[in-house]
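Each chain, letter by letter, is given below.
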Amino acid sequence: MKRVLFFSLAFYLILISAAPLPAEEQNVGGDKTVYVEVKESRIRAEPRHWAKTLKEVHFGDALTETGREKGWVVVKLENGRQGYIHESAVTTKKVLLKGKGAVTGSSADDVVLAGKGFNKEIESNLAEKDPTLHYKDVDKVEKTKISADELKKFRDEGKLNK
Amino acid sequence: MTGKKGVRRIVLKTFFALPLLLLPAGCGGFSFQAIGTALLQEVGVLPGKSVFDSAKGLLNATRDLTREEEYYLGRAVSAHILTIYPLYEKPELTAYVNKVGLTVASESGLPETFGGYHFAVLDSDEINAMAAPGGFIFISRGILELMPDEDSLAAVLAHEVMHVAKKHGVAAISQDNMTRTLSALGTFAGSLNCSELIQQATTVFGGAVKDITDTLVTSGYSRTQEREADLGAVDILYRAGYDPYAMEVMLQLVEGQSGKSSGGWFDTHPPASERLKMVRNYLEKKNIPHISAGKDKRRERFLRHVGSVSLAGAARSGRSL
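Chain order of the listed sequences is A and B.
Under my numbering, the first residue of the first sequence carries the number 1, and numbering increases by one thereafter.
Under my numbering, the first residue of the second sequence carries the number 1, and numbering increases by one thereafter.
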């Protein structure tokens, strides 16, 4: 039994050392790392939804947080500039995208596993099982896009958020 | 954990868990890596919670969905809703409703969802509006025809945004389906068949989707959740620059239809008279002021976009305006 235990642990150590590390950002100078938790979002010049976009970010991107201001996370860009992203778009948990390594050393509560649970594959299976479902119409609903500029114009014309 | 049995348990679980850690994240519905981690945590190889707690954290369908999972749930619920109610496909009107919706959503506690908020009009005479998880919001042609101005539209959309922000749809998943989710994990532990897993996950997913759709279309949310949506909507309207009293106006109009209309909000919401009383108390108690700046301009653009809906609806139902 001891031999089995020895070999299993040796096997474990080899595998763990070979496994790629998760895409984790180290804290630099005390700054925190937050991860984009939505498909796409924008880092803005001011803490307002209609402010100028400085950078587009995507699911899983790591951002350096330098502070928080009334629901907005202050982040540091590569060029040293400061920008804002709404806190509902980010998480302090590591976002692990598919094929980006194992969850080694992390509690299950500390990570967001992309593609786990209910995902595109399950949706396809559900649509195949029930062809009457109107997924094509859902795609149509998602196609309507309003740009930040259009929204700003709409607000200004309607004297909203003045 | 003592003696040979304990050692054997560690060895077996370690052997089960290690290959799972190396697989790509997820064979369909479930993450092998996560389960592997959970198993290793249980036997003490990795620090963390017990396998049951970790698995519950990963697979708890009702309380701990990721934003991405909520999005796929919302898509499925929407696909169901759209089998019952067809889309009213008028691109200009849809864009207008989206602009109002996005304006109020940006003032909610959850302005950003995984796939963003999307608003659509349903071709139905019913007085109705619904919100699926993740930010899919539907409003009927019937309720649009009832509205006098943009602020009333903002009130109804803000109410629906509150249901999304407070995750009321996700909370509608029954305890039974949560249990089924956990039992699916049990089956997984004994079988590594990927296709079987996907079938199981699809069944569990289908059950959760049904629970939410039934709540939206038939049974409705609890009075507490509706109260939260109504009062939260008043706050959103105020923050966005809409007249918060538009919620009162809208509920008065819905109450006026009581007995004349059926289905939709009349089946799934508490009586409008009850909601009206609660909203009035809130406005008075919090001393919330009227906002009139820009209201005429907003009414004008509302009539420009929604006027055609009223005419089309009247022609279809044979009534005169």
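Among the hints, erroneous ones may be present.
No more than 16 Å apart at the CA atoms, straight line, and that leaves these computed lysine to aspartate or glutamate pairs for EDC-like [to be verified]:
{"id": "1", "chain 1": "A", "residue 1": "K76", "chain 2": "A", "residue 2": "D61"}
{"id": "2", "chain 1": "A", "residue 1": "K129", "chain 2": "B", "residue 2": "E196"}
{"id": "3", "chain 1": "B", "residue 1": "K90", "chain 2": "A", "residue 2": "E142"}
For the record, the hints were derived by calculation from the structure and aren't laboratory data.
Need the status of pair A:K129, B:E196: alpha-carbon distance at most 16 Å? 14 Å, holds
Would the hint linking A:K76 and A:D61 be met if the CA-CA limit is 16 Å? Judged against 16 Å, a Cα distance of about 13 Å means the pair holds.
Taken at face value, is the distance from the CA of A:E142 to the CA of B:K90 at most 16 Å? 14 Å, holds
In this structure, none of the earlier numbered hints is contradicted; all agree with it.
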